[in-house]
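> Listed here are the chains, written in short residue letters.
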Amino acid sequence: MQLEYFQLIDRIVDLDLAARTIRTEARVPLTSTIFEGHFPGHPLMPGVLLIECMAQTAGWLVIAATQFARMPFLAAVKEAKLRAFVAPGQLLTASAELVHDGSGYAMTKASIAADGKGVCNAEITFKVMEFPNDEFRDRMRDWAKRLQFPFEARADG
Amino acid sequence: MSSTFDTVADIIAETCDIPRDNIKPDSHAINDLGIDSLDFLDIAFAIDKAFAIKLPLERWTQEVNDGTATTEQYFVLKNLCARIDDLVAARGTVTP
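Residue numbers (the working numbering), protein chains in the order written: chain F, 1 to 157; chain E, 1 to 96.
These are calculated hints, taken from the structure and not from any lab test.
Keep in mind that the hints are not guaranteed to be accurate.
[Claimed, not checked] Here are the simulated lysine-lysine pairs, BS3-like style, with alpha carbons at most 25 Å apart:
| hint | chain 1 | residue 1 | chain 2 | residue 2 |
| --- | --- | --- | --- | --- |
| 1 | F | 127 | F | 109 |
| 2 | F | 117 | F | 81 |
| 3 | F | 109 | F | 145 |
| 4 | E | 49 | F | 127 |
| 5 | F | 145 | F | 117 |
| 6 | E | 54 | E | 24 |
| 7 | F | 78 | E | 54 |
| 8 | F | 117 | F | 78 |
| 9 | F | 109 | E | 54 |
| 10 | F | 109 | E | 24 |
| 11 | E | 54 | F | 127 |
| 12 | F | 109 | F | 81 |
| 13 | F | 78 | E | 78 |
Extracted from the complex, chain F is given alone in its bound form (with noise of 0.2 Å):
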């Protein structure tokens, strides 16, 4: 993870278009300003950082079920459940399944495990839209390409 840049995931695992599906992982960096406030003497992961976390995990999936050409915006999180805390340096390995590829809008659950136990998961929906630019758009596959993201991946297998 990079805290400071909002980037929340470090390498895209394992991703399936035909099953819908995605695996990420991400390790919660030993040090941040972050962990300063939150909290002083007792540092844990932010429960909101672990629903971006979620949310940008099932985000490259929604990315990839559009072959890049439409980037997902977070429009709703529902009945999220923060199971576990979670410390500076821990693994954690989050995991995203695309429910329904709707007109302009998607849906999804997400789950956190570290260390074999479910940390937090949630019901995702993204508003789905053209890249409003082509820089987007590039910076964007420029990140995707840092993470792993499988460019051949298709639903047809």
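Starting from the known structure of chain F, fit chain E onto it as the hints suggest.
Just chain E, lined up with the frame of chain F:
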């Protein structure tokens, strides 16, 4: 009224916590029932699932924004139900 309306009205009542009796065929989803665009995504999702269709929300929104359609054409419930029926009928005639 058709069963399509009953299904849609039940979806709206449950999704948006609106009294079922307040939902009529002539109700405008936005102007009368106060459903905003974000809530309508939940409704569209439930409708898409219930009828195995994909409401073309983006096209409808673009047509309204372009002035080639009115919100009444798509968001008055009796009209929405007619669109749903058309989509269901078209689904049945699509050749693989």
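> Does each hint hold? Answer for all of them.
These are the hints, each one checked on the structure:
no. : hint          : in the structure
1   : F:127 x F:109 : holds (15 Å)
2   : F:117 x F:81  : holds (14 Å)
3   : F:109 x F:145 : holds (24 Å)
4   : E:49 x F:127  : holds (18 Å)
5   : F:145 x F:117 : violated (29 Å)
6   : E:54 x E:24   : holds (23 Å)
7   : F:78 x E:54   : holds (22 Å)
8   : F:117 x F:78  : holds (21 Å)
9   : F:109 x E:54  : holds (19 Å)
10  : F:109 x E:24  : violated (33 Å)
11  : E:54 x F:127  : holds (15 Å)
12  : F:109 x F:81  : holds (12 Å)
13  : F:78 x E:78   : violated (30 Å)
Consistency note: the structure conflicts with the earlier hints numbered 5, 10 and 13.
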